[in-house]
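If you read the sequences in order, they're chains A and B. The opening residue of the first sequence carries number 83 in the numbering used here; numbering runs sequentially from there. The opening residue of the second sequence carries number 1069 in the numbering used here; numbering runs sequentially from there.
Accuracy of the hints is not assured; some may be wrong.
Said to hold, decoys possible - Dumping the calculated DSS-like pairs for lysine-lysine here, alpha-carbon to alpha-carbon at most 25 Å:
hint, chain 1, residue 1, chain 2, residue 2
1, A, LYS85, A, LYS137
2, A, LYS139, B, LYS1147
3, B, LYS1070, A, LYS135
4, A, LYS137, B, LYS1159
5, A, LYS139, B, LYS1159
6, B, LYS1070, A, LYS85
Keep in mind that the hints were calculated from the coordinates and are not lab data.
Spelled out, the chains give:
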Amino acid sequence: DVKVTQSSRYLVKRTGEKVFLECVQDMDHENMFWYRQDPGLGLRLIYFSYDVKMKEKGDIPEGYSVSREKKERFSLILESASTNQTSMYLCASSFPSEQYFGPGTRLTVT
Amino acid sequence: RKEVEQDPGPFNVPEGATVAFNCTYSNSASQSFFWYRQDCRKEPKLLMSVYSSGNEDGRFTAQLNRASQYISLLIRDSKLSDSATYLCVVKESGGGFKTIFGAGTRLFVKA
């Protein structure tokens, strides 16, 4: 059974804090993605990675960075959290087209 | 214009009803099409791919109209458990990984 896990289901952080969201997949997939999901806007791609140490900007990369040191792990970093980054964050992996999602992290920045 | 557009609904239907959702996309070069299902407070999961000739999976039928740039999902004999948000997903061509998700259509099936 395919599995994508995320480090936290709920997270509350203060403005200006550095935030790390971790994602691990056990399917040996090459491609991994980070999205945020907001009401009425759907899923928006922040960053994706198609190989270890490779990363590409998605549609809304501002304020975020990523790290992929190992194939199974893709981390999303909020360098200095802001209130407009309050959202649901979803990680996914894929091969070749179907995307498998983690359960999501609901981040609140106060 | 949004790249992928869906009617947000909600669609409220009785059990046993047939319900259809449409989705339009703006990029005529789009290559692959999917419907995902997302339950409340859960992650999206693939419901079915959409093929050019149309395809069926049990009570679900998906169709693609490239000329008019829309895809559709038909659910027959609705069940209470079909209540969810249905996301239209379009993957663009060119060897890239750009996959665009619609904002979703909410469906409530009532007894």
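Hints, verified against the model:
1. LYS85/A - LYS137/A: 22 Å, holds
2. LYS139/A - LYS1147/B: 40 Å, violated
3. LYS1070/B - LYS135/A: 32 Å, violated
4. LYS137/A - LYS1159/B: 19 Å, holds
5. LYS139/A - LYS1159/B: 16 Å, holds
6. LYS1070/B - LYS85/A: 31 Å, violated
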